[in-house]
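Visitor: Read off the chains here:
Protein chains: 2
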Amino acid sequence: MNFRYIISRLGLLFLVLSTIMLVMAAVFYGLHAFGEHGLDPHARNALLMSATLGAIVGVGMWLSTRGGARTLGRREAMLLVAMSWILGAFLAAMPYFLWAHLAPEHLNHPFRSYVNCYFESMSGLTTTGATVLADIEAVPRSLLLWRNMTQWLGGLGIVVLFVAVLPSLGVGAKKLYKLEMPGPTKEGVQPHIRDTARLLWIVYVSLTIVQIIIMRIAGLDWFDSIAHTFSTVATGGFSPRNGSVGEFGAAVQIIIIVFMILGGINFALYYQLLRGRPLLLWRDTELRFLFVLLLGGSALIIGSLILHRDELVITTGETVTTTVPNAMLHGVFQAVSIMTTSGFATADFNAWPFLAQAVLVFYMFSGGSAGSTSGGIKVIRIWLVLKILLSEIERIFRPQVIRPVKIAKGTIDTDLKLGTLAYVLGIIIIFAICSVLLFVIEQNNPQVEMDYTTSATATIATLCTIGPGLGQVGPVEHYGWFSAPSKIIMSLLMALGRLELFAIIVLFTPRFWRTD
Amino acid sequence: MNFRYIISRLGLLFLVLSTIMLVMAAVFYGLHAFGEHGLDPHARNALLMSATLGAIVGVGMWLSTRGGARTLGRREAMLLVAMSWILGAFLAAMPYFLWAHLAPEHLNHPFRSYVNCYFESMSGLTTTGATVLADIEAVPRSLLLWRNMTQWLGGLGIVVLFVAVLPSLGVGAKKLYKLEMPGPTKEGVQPHIRDTARLLWIVYVSLTIVQIIIMRIAGLDWFDSIAHTFSTVATGGFSPRNGSVGEFGAAVQIIIIVFMILGGINFALYYQLLRGRPLLLWRDTELRFLFVLLLGGSALIIGSLILHRDELVITTGETVTTTVPNAMLHGVFQAVSIMTTSGFATADFNAWPFLAQAVLVFYMFSGGSAGSTSGGIKVIRIWLVLKILLSEIERIFRPQVIRPVKIAKGTIDTDLKLGTLAYVLGIIIIFAICSVLLFVIEQNNPQVEMDYTTSATATIATLCTIGPGLGQVGPVEHYGWFSAPSKIIMSLLMALGRLELFAIIVLFTPRFWRTD
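Residue numbers (the numbering used here), protein chains in the order written: chain A, 1 to 516; chain B, 517 to 1032.
FYI, nobody ran anything at the bench for these hints, they're computed from the structure.
Some hints could be false.
[As the list claims (entries may be wrong)] Listed next, with one range per pair, are the computed distances between beta-carbon atoms:
#	chain 1	residue 1	chain 2	residue 2	range
1	B	A815	A	A351	36 to 44 angstroms
2	B	D737	A	I306	56 to 64 angstroms
3	A	R511	B	L811	21 to 29 angstroms
4	B	G546	A	P399	46 to 54 angstroms
5	A	R216	B	G819	33 to 41 angstroms
[Claimed, not checked] With a straight-line Cα cutoff of 30 angstroms, these simulated DSSO-like cross-link-like pairs (lysine-lysine) come out:
#	chain 1	residue 1	chain 2	residue 2
6	A	K387	B	K922
7	B	K922	B	K903
8	A	K387	A	K406
9	A	K387	B	K903
10	B	K903	A	K406
Quantities reported herein were computed from a predicted structural model and do not represent experimental measurements.
Cβ coordinates follow ideal geometry from the N, Cα and C atoms, glycine included.
Isolated chain A (complex conformation) (with noise of 0.2 angstroms):
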């Protein structure tokens, strides 16, 4: 193991959570950016101070290993992976700390434990959107925009991880990738890192200035559209609201349902755009089957709010009646909120009839593209395991004749088919075991009635980086009456999930470690 690599690597990546620790204190406070409402000289300091612990540290980190090899293998870039995302988390965590320990009025503040400010920026960093804060609206704004910050830098890095590094290391989704981008480049997106990397940089950088200019013109100011575009763009799903989304009108809600879905798809598509076929997005399996199971279960959510329900209750407290245009509004805005893993609410969906819930659980599961910044399962392996399935079955009676299963054009061998197949089932174990666990612990909390759907839902919304589950974990609830060994568990698992469960599993086995 190159160590001192990984360490200079972690160092700089705490000089650049630093340098924009400082630059949002400088907007704010210096600039005045965004008006005198909610300036809090306390937020002020602790960004200022943590942005000088982290520079400190970043750059003792990267000084005491200079000088060494260069190079990474396979198991130093996981272990990087792994550790930007877990140390990551510590630093990011630093500013919601300080500020509840310099402010005197924050005496019972969720913040004043480090155990809850790591559980938010973990969630921040890992585009979850679970929040352990009853009352958002009492953190001053500029600390509210460093909480979206973080998803909007998490999701960011996801893609370029997923997208651009991984599979030129082998390592993941490789295979997809190659077998997804039908035509001649079937190498992937691009043979160099840099060149992807930039390009999904600028991407990203696009949809996020896109959707900041819409919404200001649909009438949000600039803190509202500029905090939600992070959120959606990185399909994280934290709202500097207490009534999340629920509290602007349809106009809005519409252009957020669009972006989450931009932030939901394959962002080596967009290559494909850039390159001038948008053709091939339409041949591209995950995409018409992402929208085939969106349209779908949307479908069963409307009718079943139809049917059985006459009221809908808003997250922001007010309920409207479930007219038609109102069924499909918060039907569809729930659905790609779920299914794209951000998490974002307008309707307490905690209120809705099984079934509409049920497709919800599942969307959970599912997620959306590979390759994009969503979290859970990835529509592709869904429809991989499908199609092993039924293979598996012709198996049964007709063992002699062998029928490859193909994507698009290319043959999915054995490999890809144990792999995928062990990874939703590595997915299922850990969430059976994880709910049991979670439910064990906080079985006599006094804070709540703890019932197994909060447990399940607990697990598998962060397990899948959604954010917002069902029971005591609803859309208007949240996770601060939790545990502190949950915090942590549910912590690792927002890790695991965001990370595609190998790279941190992979650091408990004792066989990573050896040097064979």
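Given the coordinates of chain A, assemble chain B onto it according to the supplied hints.
Guide: Chain B only, in chain A's frame:
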């Protein structure tokens, strides 16, 4: 497809079932073998009429198809197996149905509906043990013995099928058996189906006779001894008593624990025992893992009972103090009963702590050994899945290292890996879909307040041939309140699970019926 030969074999099955009905009527009413208690002329007539009807249809099927080719291909064998259970349950349901219609006082009895009778009869032949009866003892003893006889027959059929017949056809778990038989006889239990089948018959009948005698010595009357033995060695779980095994003392409960285990381990192992190689049992991977799971889970159950419950509710309605011996007796009984997929109950585990219930639900999925009368995923597959996942995790960071997955001394090939993962995922997918489906069908059922615990455990308790679940299908509840569509779905689930999915699922694929 050689339909003629399939129909002739099904005709033979009808003749066998009819003969057994006839013998039972003769033993009960001709010889008065079980005394005068509970003799009911309507039940006698129902048995005789069903036997006659079955015999006529059976002879007709047999005669009308004489002279055809007497060979079965793979697809024909699968069709025959599926039809044996699906059509066999039609005939086995007949005595219940006729009895309810012959007796004028049974206007509101569940058996007035053929769907209920079919559910009960499928539950018997698949050794599930789920019942539509709220008051079991209101049914005459002769019919109750027939009910338990269906489980005994079903258990025998499954063992012969999965240990003797299918491996010889190269279907199903053939490779597993090969691997699991250490020593020189690597070629499975025996090369000749007939010899193996006869050996299994002998083992099964011997276990039955021994248990009947021990139960009789322990103080039960002949009827209770025979009826309970029938459903113990078959790991079925039907009891002719309303209070199930909770009505008996600790001695009888311990005897039943032992024989449930004997029914839940691979019958091919008895072959090793008979050949004087008891040590090979100890080296059997699946058997060892079964005991590890059983001991670990029982410890969790017993511990949580002692910690969280002062009293245990027995299935008779009485309560006992949670002393350590009581917790151990009922904890181990329930663990063994659920893991072997028997489904007998001594205590109402619906009221047990969450962790104990979670362990029981895990057992519902896992089941006992392959090649036994138990259902579920089977312990060997759980073992295999864990080994495959571990090897897949290592493959992520060391793709160049090829470390074969082994059981005993055999290497698991890729086909078997894929098949195993696909099987387990198949169970989980069917479970997920049907648990939602049952909820949606029953959500307006006026008899119960529907909850997901009920629909989920009803699905798994039928798919894995357990019998009781949790919630409204708990150990002191019943399945009578479900609507007819749900009962038909659950009857199908029992057949699906009993025949290890594929024998039934293939019937729904168009390619199965194509003649190419």
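Visitor: Does the structure break any of the earlier hints, and which numbers would those be?
Guide: Number 5 - this is the single hint that the structure violates.
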